[in-house]
Amino acid sequence: MRYFFIIALAAVLITSGCQEKKPLPIIGNIETTATGDTIYPVIRDFSFINQDSQVVTNKDLLGKVTIADFFFTSCPSICPIVKKQELRLYDRFDNYPDLMLVSFTIDPKRDTPERLHLYAQNLEVDPKRWVFLTGPKDELHAISKDYVSIVLEDPDAPGGFDHSGRLILVDKNAHVRSFCNGTDPKEVDRFMEDVQWLLDNGGE
Amino acid sequence: MLSNQPALIQFVLKLQQIRRMMKTGYRISVLFILLAAFSCAADHAVDDAYAQVLALHDEVMPQMSTMSGLEMTLQEIVKDSTISQSGLDSLQQCLKALGDAEEGMWEWMNQFKKPETGTDKNEALRYLETKKESIKMVGTAMASSMESAQKLVDQYKK
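Heads up: the protein sequence lines correspond to chains A and B, in order.
Numbering (the numbering used here) for the first sequence: 1 to 204.
Numbering (the numbering used here) for the second sequence: 1001 to 1158.
Derived from the structure by calculation, the hints contain no laboratory data.
Since the model is a prediction, treat every value here as computed from it, not as a measurement.
Treat the hints with care, since some could be wrong.
[To be verified] A few chain A residues that face chain B, going by a derived Cβ cut-off under 7 Å, partial list only:
1) S77
2) P80
3) D107
4) T112
5) R115
6) H141
7) H163
[Claimed, not checked] 25 Å max Cα-Cα, derived PhoX-like pairs, lysine-lysine:
8) A:K109 <-> B:K1114
9) B:K1113 <-> A:K84
10) B:K1132 <-> B:K1079
[Said to hold, decoys possible] Residues of chain B placed beyond 12 Å of chain A at every Cβ, according to the derived structure:
11) Q1010
12) N1110
13) K1114
14) T1119
Quick reminder that beta carbons are idealized off the backbone N, C-alpha and C, glycines included.
Build out the structure end to end from the sequences listed, making use of the hints.
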């Protein structure tokens, strides 16, 4: 009888210590149509060129969980810090083929596919798991503004392209599910748990 | 006693030799410490100058996003067919100034490199001083083009 109480007490302590993580919400302005349908914001369609000069579209990323960021190779301050944190994510989730990192350049004039290739090579990352995208400046700046508008839940968010060092988690259906300041390792720790939750829940 | 005298002299001479060696060693040590301190100070001077340039860059860089936003807004305004030719001319002129200032910032960042370790201190400081002045000029061009753009946005977006 005495052992029963000890085991019961241990079970209570263990289960109370393991709080289940709350589901990740879909971020952005959620609209309801006249017919009562709910419309969740999605990342707009895009078509860019990767570090191996191949076309990558949003359709190639559907069915995958993605971590997106905006950067440029000659960035002297923020980007190297964020890339270091992204490498942590890259290493931690190396057993998850359904996760991809997507880095959009905001300086396409200088960040050609060749330069992005060299940059990826220096980071020693697999192009199947981490793509670096370039393309027309207007389109890159527009998609950057799109991500920011969803993250800030403000479709009229001021400013142009994003250079905040944000990391943005997008699910298999192109919905933004989480984001963090990529220059802050503690925020990235929390973000990692969100990524893990999304992957454990089928990416949606 | 007499037979021990050369040994004693030798012993005293040895002591003097050791003292001289210690003195020389002490002087050399002091010299090394001074040299190390001097080289550390030199490294700090370059690091401090580099940090100053980066701080100036970090002040200017966040404005690039605002500038790109203004550029997008002006591009929308230009599509308005009711705007007069002179109005369109000023809009195009402003768009060019924004574009030039933006390009100036990208090029500055593209060319800016941290002086490599081992670079001559004076050469590194001269380089960083030039970069400090040029980033200030880039910042001024950006601020001036954004001010003009904002005026046009206020004028046409009423």
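A quick look at each hint next to the structure:
Taking 7 Å as the C-beta contact cut-off toward chain B, the hint placing A:S77 at the interface holds, the least distance being around 6 Å. With 7 Å as the threshold, the beta carbon of A:P80 stays out of range of chain B, its nearest partner Cβ sitting at about 11 Å, so the hint is violated. Using the Cβ-Cβ criterion of 7 Å, the hint placing A:D107 at the interface with chain B is satisfied: the shortest such distance is roughly 5 Å. Violation of the interface hint for A:T112 is found here, the shortest Cβ-Cβ separation to chain B being roughly 12 Å, above the 7 Å cut-off.
At its closest, the beta carbon of A:R115 sits 10 Å from a beta carbon of chain B; the interface hint therefore is violated under the 7 Å criterion. Contact between A:H141 and chain B, as hinted, is supported at the beta carbon level, the nearest pair being about 6 Å apart and thus within 7 Å. Hint on A:H163 holds. Least Cβ distance to chain B is approximately 6 Å, under the 7 Å limit. Taking the CA atoms of A:K109 and B:K1114, the gap is about 22 Å. The hint holds against a cut of 25 Å.
At roughly 19 Å between alpha-carbon atoms, B:K1113 and A:K84 fall within 25 Å of each other, so this suggested pair holds. Of the supplied pair hints, the one linking B:K1132 and B:K1079 is violated, its CA atoms being roughly 39 Å apart against a limit of 25 Å. Under the 12 Å C-beta cut-off, the non-interface status given to B:Q1010 relative to chain A holds; the minimum distance is some 65 Å. Consistency note on B:N1110: stated as away from chain A, yet its beta-carbon is not over 12 Å from all of that chain's, at 4 Å minimum.
With a least beta-carbon separation of about 8 Å from chain A, B:K1114 fails to lie farther than 12 Å from that chain, contradicting its non-interface assignment. The claim that B:T1119 lies off the interface holds: its Cβ sits roughly 17 Å from the closest Cβ of chain A, which is beyond the 12 Å cut-off.
In summary, the numbered hints that this structure violates are 2, 4, 5, 10, 12, 13.
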